[in-house]
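> Here are the chains, one letter per residue:
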Amino acid sequence: MARRLLFPLGLGFALAAAGLILLNGSILAVSIPFFLFASVRLLAAARCGEALPRIERTVPRLRLVEGDEVEVELSLHGSGALAPLLCVADDPPPGFPLIAGGPQFLGRLPRRERTCILYTVSARRGLHRFGDVRVSIWSPWSLAMREERVALETELKVHPHIEKLDPIVIRPRQTRAFAGAVKANQGGQGLDFYGCRAYTPGDDVRRINWRAFAKQGSLVINEYELERIADVNVILDARAKVHTQLGGETTFDHAVRAAASLAAHFLDQGNNVGLLVYGDYVHWAFPGTGRLQKERILDHLAAARLGDKAVFEELRFLPTRLFPARSQLVLVSPLGDVGDIEIVATLIDRGYSVLLVCPHSLASRTSRRDPASAIDLARRLLTLKRTLFLASLAAVGTSVIDWPVDEPLRAACQRIHHARVRRYRV
Amino acid sequence: MNAVSAFFFALSAAALAGGAVSLALPELAAVGLAVGTLSVATFPLRRPAVSHLLLLIHGLVAASLAMLHAPALLCAASAAAALVGWDARLIAPRIASAVPRDRRRFAVQYAGRSLVLAGLPVLLVAAAALLHLPLTFGSGLGLSIAVLLLGIAFLRAFRSTYVSDASPPPDDPL
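If you read the protein sequences in the order shown, they are chains A and B. Residues 7 to 432 in my numbering are what the first sequence spells out, letter by letter. Residues -1 to 172 in my numbering are what the second sequence spells out, letter by letter.
The shape of chain B in the complex, shown without the other chains:
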């Protein structure tokens, strides 16, 4: 899983560097590559806080590039790859003591599925850049309601997951 995480963090760094090069800012490209190197170099540090910090750095550099008008596709790709790298890094210790053969097989499957999962938002951003829908008041209202319903479904799923994670309350004899 460390290799999968390294691959995705490197992919994220490459996207950041690509975005910086497109802006003709070699300094930012160097920063992107340095962030990638940092992500790979800190593998021995197993604490989740380090993974969170790395994701934060990748997100902030991607946002900075986006603010400087770098291609949104590259910035989104960088964020998506960093997310998968972050996730893989958090999963790695959980399966560390499994049989190496099982671990390798799991890592390959995980990498394939994560690549698809990381590709979805990039496609969405690409579609957003290509598609321009003319909205009337009615379609806008309908879209808002649809988004609201999706949000409620999302919150319900979040709540059910969160509540089942918590320990049950102790029995009250009264």
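Pulled out of the complex, with its shape left as it was, chain A reads as follows:
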């Protein structure tokens, strides 16, 4: 308030000085409104501070999923004896479009009375902070206004949307000791046939292969493939240069959702899942299991944002020491650089199994009106280039999920293109 009045006050002083220098009473008269205005406002403003209401903000949940609607309640408790005119404005974060109501109250609030401001906003992914509440208090005759900011911080975590996925086959080279849903590439008790071996005392007689016995004359038993839990590390590529804009969203937004869905899927299967967001900064969620780990990963994904730091420009600097040896890596990235094939091949050579989820925005259908248009031609060329690129990745041993973002991830996962499975007997 005081700072705002400095301008008319300064103007009044300038006019008064001009009037005195030029010995012109009329110019002096013009300065009178400025002085009077500032004086009345300042004197009246001194009494406004007594009437600051007590304010509380209530948000039903502090963790949301993107697209959720959240009703914010701002309670105002009157404290001034004179029931002054108040303007209370809440400051929802920029990523929260208003759905219903208004974040502002304008009116009188008598002492010991309570009123509420209710408004509904739609949540977008991210870590959002509701800022201070701005309160404007008018003096009893509304001659002056005083502005205050009431510190009232509320932090909301908006997680990405999780899509339920059908089972995805992964083949890490090493699994853990506990029973799970990942094929361990070892004979033992399981569901899928794995092989036969000579009978040893103590083996279950129900697993004896009688046909083989009839042929060979020696006892042979069937082995089934062990199913264990595995170390799965989801790597979200957050380098700005690999992502493209799609209307109001980017492929990165889709990639974040895919990473969340995949992490949740593998966690639900009991696996040990970690997350690395590579691009802006190395955000690393140490591998773990259970609901708490899911919350931790979703918190990291809520905070994920694109980065263009030179140090993360290439996948070459991926901190592989963070991942357990011979574990499963799930790389969610549009990729696109031929040099990336070499990096993925290096990862596979180091013993990791790589599943690449590749979100892209190339629509598969051609235009009905003009199938030979330049745009369609460009699209077909890009699709061809991309197909070759993905085939090269598959050739080095990567399993690829090619995901056009206009269709559900679930459908894309059903078309998973598996690399030739390399079996390593342990």
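No incorrect hints appear here.
Covered stretches of chain A, as calculated for chain B (at least 3 residues, CB under 8 Å):
| # | segment |
| --- | --- |
| 1 | 12 to 22 |
| 2 | 38 to 45 |
| 3 | 91 to 105 |
| 4 | 111 to 124 |
Quick caveat, the hints were computed from the structure, so don't treat them as lab data. Each residue gets a CB set at the ideal place from its N, CA and C atoms; glycine is no exception.
Once you have looked at the hints, place chain B on chain A.
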């Protein structure tokens, strides 16, 4: 509030034009009207700097007219109206997201009170033109002391308001 601001800026422009006409200077009257039109036309620009600039222009044109011996009453009225228009324009964005009914009611109340506030200096200028007080040394000294005391009270009020606006200093552990 935009309508209130437009009304007061238009009032200011009309006073400027009236002052120029009284001096038989149609060019200055046109300038006054142009300033008024500019004030209304720049409403979509919400930056406070634009409001400050408009007030400055109104003040300068009023001072120019006063220097050319236009009626002081009209010049003061123009400045007072421009001040209220400036204030309304700064308040408008603060209450923009309030319920329209509340906003309208507030605007009407504000306009009424501002009209009174703008009328005070005009009355003061009119009284100054009408009243001629013979001052002796004693009454002059008394008046000076009274003005000085008022000035101190004004500065104290200014200081208390300014200090409470600033953030408190951080706690010093030592």
